[in-house]
Each structure stands twice: as C-alpha cells, then as structure tokens.
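Chemist: Kindly produce the complete structure, drawing on both the sequences and the hints.
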Amino acid sequence: MPIHPAAHPRPRTLVHPGRAAPVRIHSMESPHARHLRLMLEPGRSLHAALVEPLARRGIAAASTTILGGGFAQLFYCVAPPDPQGRAVIAYSDPIDAGAATMIFGNATIGRGLTGAVLVHCHAVLRTGAGAMAGGHILPERSIVGPAPIPVLVTVIEDFEIRQTHDPETNIALFQPRRRGDD
Amino acid sequence: MTEGVETGRMGRVAYARIAPNEDLVVGVEKLCLERGFRHAFVRGALGSLVDAVLARADGGHQQIAGPAVEIVSLAGEVRTDATGAIAARLTGVVADPEGRVHGGPFVAGANPVCMTFEVTLEEWLPD
Numbered sequence: 001m002p003i004h005p006a007a008h009p010r011p012r013t014l015v016h017p018g019r020a021a022p023v024r025i026h027s028m029e030s031p032h033a034r035h036l037r038l039m040l041e042p043g044r045s046l047h048a049a050l051v052e053p054l055a056r057r058g059i060a061a062a063s064t065t066i067l068g069g070g071f072a073q074l075f076y077c078v079a080p081p082d083p084q085g086r087a088v089i090a091y092s093d094p095i096d097a098g099a100a101t102m103i104f105g106n107a108t109i110g111r112g113l114t115g116a117v118l119v120h121c122h123a124v125l126r127t128g129a130g131a132m133a134g135g136h137i138l139p140e141r142s143i144v145g146p147a148p149i150p151v152l153v154t155v156i157e158d159f160e161i162r163q164t165h166d167p168e169t170n171i172a173l174f175q176p177r178r179r180g181d182d
Numbered sequence: 001m002t003e004g005v006e007t008g009r010m011g012r013v014a015y016a017r018i019a020p021n022e023d024l025v026v027g028v029e030k031l032c033l034e035r036g037f038r039h040a041f042v043r044g045a046l047g048s049l050v051d052a053v054l055a056r057a058d059g060g061h062q063q064i065a066g067p068a069v070e071i072v073s074l075a076g077e078v079r080t081d082a083t084g085a086i087a088a089r090l091t092g093v094v095a096d097p098e099g100r101v102h103g104g105p106f107v108a109g110a111n112p113v114c115m116t117f118e119v120t121l122e123e124w125l126p127d
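Residue numbers (my numbering), protein chains in the order written: chain A, 1 to 182; chain B, 1 to 127.
Worth double-checking, as some hints may not be accurate.
So, partial list: chain A residues that the calculated Cβ filter (under 7 angstroms) puts toward chain B [to be verified]: (1) 24; (2) 122; (3) 173.
Don't read these hints as lab results, they were simulated from the structure. Computed from a predicted model, the values in this text were never measured in an experiment. Yeah, the Cβ is synthetic: ideal placement off N, Cα and C, and Gly gets one too.
Modeler: Okay, here's the thing in structure tokens:
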C-alpha cells in the first residue's frame, strides 16, 4: 500500500539529446534591484520598444513585466515536439493573432549568441477574434498599438543574462553569467 | 503583522535558470535555499513544462498534456514558516501545445520543466 496515495500523476521525465548536467539550477544575485517604469512606444516593435530605451541607459539585462495593452499586430508560437528530433520540442510556425490584446507578459532581456540584445517573451493574449491564447511571443514582428503600454523593469546590474548553447537540450538559452566570462 | 499587513522592504534580487525535469515549485524553493532567501516574491518568470498539473478548487487537479506546456503568466511568493520549512506558492496561466490557455495554482512536485525555466526573485525582508 502506498504511504501517500497518488494525488496527481507521477511527472514524466523527458530524455533530452545531450547528457544531463549535474547542476540543475544556475543562479546569480545582486544586493539590490533597480526598478524602472517603461512605456512601450506606439508603432514600434515590442523588441525595439523594450530594448532601445533600456540600451540608452546602459541596460542589457533585465526581467520585465508587461502590464497589458493593445498591439496592432501580435505573433506568437507554441512548442510542440520537434519533428526533426534535434531537441525535445521546437517552436511552431508563427501564429498571427491579429490586432490583439496582451493581457500579461513577462520578458527577459539579455544578450544573444552574437552579443546583440535579445528578448525572450511569453504572454497570455486575447486575439483580434476574441479568443484567449498564449505562447512564445515574436518580439520583432509584434507591433505596439496606438496607446503606450506600461512595463515594470527589474534591472539586473551585477551580472549578465546571456544566451549560451545548452548541450543537454541542444538549444541556446538564457543563463546568468559573470561579466567577462565566456 | 496587523490587520493582514506585513511591512518590510525588498532585499537582494536573483535570476536563475532551472534545468529540465526539475519541478517548478520545488525548484523555486531550492533556489531560495541556495541564495538564503527566507521570503521572496516572483518578479518575472517564463519557460516551459513537460506537462502541467494545476490544482482545482474541489481538491482535485487538472493535467495539461505537453510537451511543451508554456508558462505564460506566473505570480507567487516563497515563505519560510516558524519551523523553518520553506514553501513556494505559485499560480499562473499556461498554454498547451495548441496555444489553448489554462490557469490555476501549480501543484508542487507535478510540474517538471521541459526546456528551461527562467525566474527572477526579489527577497522580501519583513520588519
């Protein structure tokens, strides 16, 4: 007889293409966070509206909460299994949500493999047709609507967030890194 | 604490990447243990789960099959009780592989990370 009855299904363990690293949580900290309130500029891409005002203040690492607002155009992807088998999942083709409302979003800002600033954004949205949906937002293709959208920015100051290739999952993903580390 | 109000201030800020097959809720607790955060608020979080299990009001659960189930909204806090035990309480919205959304509290031990989970925590220092 089990000691604890199964209140929920046992989680599945997925096997990734690469060897599992022994350290499962990579973290870094700063003594304090600095916060900014940023208004996303109408007509700009989500990427430009987030990255450019922060870059002018020397900020290339941040965690942001997008407090919701209208987009003239919003594209997102979902993450079904990778048909090629290179990784466990792969992003789908972009889905056009039309002129949509972003209800809530979180975006991490960090440096990509080439050193350019990248935005990784997931959000829940209401499509132009009125349906609820959610997924991985395409920041370069999504265009802020006619009203500025407020964003709470938690600035990361003492370390970097950098995209690095992860051998276990065989994709490039954001990790915290000391400045100057490869 | 009086009338449900706890005063305090924000302390340190931590950013973490939690690796595949680690539990979302327990992973956030372990991050706090590593960093020595007794109490914390989630400031930002996104990532994917293999499958998601959300608690229902009737005591049951709802399973959302992946992979991957994307975390598209997450709020929550971590608290350490008088016995020293630490617990993360996380609630949020997830999107299934067809983009349909589901929401509720994440059940501890039942939400394994698929590719990555990125989280920013701010330490809460009660007066």
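Chemist: A separate judgement is required for each hint: does it hold in the structure or not?
Modeler: Structure-based check of each hint:
{"no.": "1", "hint": "24", "verdict": "holds, 4 angstroms"}
{"no.": "2", "hint": "122", "verdict": "holds, 4 angstroms"}
{"no.": "3", "hint": "173", "verdict": "holds, 5 angstroms"}
Hint compliance for this structure: every hint is met.
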